[in-house]
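First residue of the sequence shown? That's 1 in this note's numbering, and the numbers climb one at a time after it.
Derived by calculation from the structure, the hints in this document are not laboratory data.
Here the structure is a predicted model, which is why all the values come from computation and not from measurement.
There may be inaccurate statements among the hints.
Said to hold, decoys possible - The calculated lysine to aspartate or glutamate pairs, modelled on EDC-like cross-linking and capped at a C-alpha distance of 20 angstroms, are:
| id | residue 1 | residue 2 |
| --- | --- | --- |
| 1 | K118 | E197 |
| 2 | K134 | E148 |
| 3 | K42 | E169 |
| 4 | K28 | E226 |
| 5 | K42 | D84 |
| 6 | K96 | D125 |
| 7 | K100 | E148 |
| 8 | K77 | D112 |
| 9 | K77 | D125 |
| 10 | K120 | E179 |
| 11 | K157 | E179 |
| 12 | K223 | E197 |
| 13 | K100 | E144 |
| 14 | K120 | E169 |
| 15 | K134 | E197 |
| 16 | K42 | E226 |
| 17 | K104 | E144 |
| 18 | K210 | E226 |
| 19 | K96 | E85 |
What the hints assert, rightly or not - Label pairs and their computed distance ranges (CB to CB):
| id | residue 1 | residue 2 | range |
| --- | --- | --- | --- |
| 20 | D125 | Q209 | 35 to 41 angstroms |
| 21 | K100 | S129 | 16 to 22 angstroms |
| 22 | Q209 | K100 | 33 to 39 angstroms |
| 23 | L199 | K147 | 23 to 29 angstroms |
| 24 | L230 | K51 | 14 to 20 angstroms |
| 25 | R188 | P143 | 22 to 28 angstroms |
Beta carbons are placed, not taken as given, at the ideal position from N, Cα and C, and that holds for glycine.
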Amino acid sequence: VVGVAKYLPAHAGLNLLMEVKNLSVIQKNPKRPLVVIIGGAKISTKTPVIKQYLPKAKHVLLGGGVVTNLLRASGCKVGSSMVDEAGVRAAKQLLKYFGKKICKPVDLVIGDTKTFRKVKTVNIDEACSVLCQKGRAIYDIGPETVKEYKKRLQGAKTIIWNGPLGLVEVLAFSRATNEIALAMARSRAKTYVGGGETLMVVNRLGLTQKFTFVSTGGGAMLKFLEGKKLPGLKILLKK
C-alpha cells in the first residue's frame with residue numbers, strides 16, 4: 001500500500017477521495033437517529049466498530065456469524081454453526097447491550113451443514129438454550145426478526161450497513177439480506193453500504209444507485225469507521 005508512494009509522487013484518486021469524504025461524514029457526525037447493521041462471518045473484526053457506534057446509534061442490528069457468536073456467548077447451544085473461541089470472547093464484550101440497544105433476534109433459519117436442506121425456522125424463546133444440534137447450523141435470521149429489523153429502520157436519518165445477514169450464496173438463506181437491502185433502498189434516510197458480499201447482493205438486486213454511498217473499501221471501511229489511521233492515507237497526507 002505504501003511502498004511505491006514512499007519514493008514516487010502519489011495522489012489520491014477520485015474513488016479514494018469519495019470514500020474519505022463520505023465515510024468521514026458517518027464516522028464523525030452522522031445524522032440521527034442512526035441505525036447500524038452489521039453482519040458477516042467474523043465478529044472479531046466487527047466488534048470494535050460496533051463498540052464505536054453504540055453511543056451514537058439508536059439501534060444496532062446484527063446477523064451472520066456476528067449474531068451466532070453472540071448467541072453462543074449468551075449460553076445458547078448453536079450446533080455446528082460458525083463460532084470460534086476468539087469470536088465468543090469478542091462477543092462477550094457486547095453481552096450487556098444484547099436485547100437492549102443491540103436488538104436480539106426473534107427467530108433464526110437453520111439447515112443441514114452438508115446439504116443445506118431440511119431448512120427450518122426456529123423461535124429463540126421457544127427453543128430455549130438449544131437452537132440447533134450438531135450437523136445443523138444457523139444460516140440466516142428469521143422472518144419475524146426481519147420484520148422487527150424493518151421497524152427499527154423506520155424513522156432513521158442515517159443507516160450504515162456492512163456484512164450480509166445470512167449465507168447469501170445459498171438462495172434459501174439470502175432472504176433476510178435481500179429484504180433489508182430493499183428496505184434500505186426505499187428508505188428516506190442517508191444510506192451507506194460496504195463489504196464485498198454485501199455489495200454482491202446490492203449489485204445482484206440492481207440497487208446500487210438507490211443508496212447514498214456504496215463503499216468498495218472492504219475491511220478498510222471498517223478500520224476507517226473505527227477511527228484507525230490507515231497507512232495508505234497517512235502517507236498521502238505527507239505528500
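Tested hints:
1. A hinted pair counts as satisfied when its Cα atoms are at most 20 angstroms apart, and K118 with E197 does not qualify at roughly 25 angstroms.
2. Straight-line distance between C-alpha atoms of K134 and E148 comes to about 28 angstroms, which puts the hinted pair past the 20 angstroms bound.
3. Restraint check for K42 and E169: satisfied, since their Cα atoms lie roughly 17 angstroms apart, inside the 20 angstroms limit.
4. A threshold of 20 angstroms between alpha carbons decides the hint, and for K28 with E226 the separation of about 10 angstroms falls inside it, so the pair holds.
5. At roughly 9 angstroms between alpha-carbon atoms, K42 and D84 fall within 20 angstroms of each other, so this suggested pair holds.
6. The straight-line distance between the Cα atoms of K96 and D125 is roughly 18 angstroms, inside the 20 angstroms bound, and the hint therefore holds.
7. For the proposed pair K100 and E148, the alpha carbon gap of about 13 angstroms is at most 20 angstroms, so the pair holds.
8. Between K77 and D112 the CA atoms are separated by roughly 16 angstroms; this keeps the pair inside 20 angstroms, and the hint holds.
9. Restraint check for K77 and D125: satisfied, since their Cα atoms lie roughly 13 angstroms apart, inside the 20 angstroms limit.
10. This hinted pair checks out: K120 and E179 have alpha carbons roughly 18 angstroms apart, not beyond 20 angstroms.
11. The suggested pairing of K157 with E179 holds, with an alpha-carbon distance near 19 angstroms, which does not exceed 20 angstroms.
12. The hinted pair formed by K223 and E197 meets the criterion: a straight-line CA distance of about 17 angstroms does not exceed 20 angstroms.
13. Between K100 and E144, the direct Cα distance comes to roughly 17 angstroms. Compliance with the 20 angstroms bound is thereby established for this hinted pair.
14. The hinted pair formed by K120 and E169 meets the criterion: a straight-line CA distance of about 18 angstroms does not exceed 20 angstroms.
15. Between K134 and E197 the CA atoms are separated by roughly 27 angstroms; this puts the pair beyond 20 angstroms, and the hint is violated.
16. The hinted pair formed by K42 and E226 meets the criterion: a straight-line CA distance of about 16 angstroms does not exceed 20 angstroms.
17. For the hint linking K104 to E144, the alpha-carbon distance of about 11 angstroms falls within 20 angstroms, and the restraint holds.
18. Between K210 and E226 the CA atoms are separated by roughly 25 angstroms; this puts the pair beyond 20 angstroms, and the hint is violated.
19. Taking the CA atoms of K96 and E85, the gap is about 19 angstroms. The hint holds against a cut of 20 angstroms.
20. Look at D125 against Q209: about 40 angstroms separates their beta carbons, and that is inside 35 to 41 angstroms.
21. A hinted range of 16 to 22 angstroms holds for the C-beta pair K100 and S129, which are about 20 angstroms apart.
22. In this structure the supplied range 33 to 39 angstroms holds for Q209 paired with K100, their Cβ-Cβ distance being about 35 angstroms.
23. Checking the proposed 23 to 29 angstroms range against L199 and K147 shows it holds: the Cβ atoms sit about 25 angstroms from each other.
24. Distance hint check: the CB atoms of L230 and K51 are about 19 angstroms apart, consistent with the given range 14 to 20 angstroms.
25. Distance hint check for R188 and P143: the Cβ-Cβ separation is about 24 angstroms, which falls inside the suggested range of 22 to 28 angstroms.
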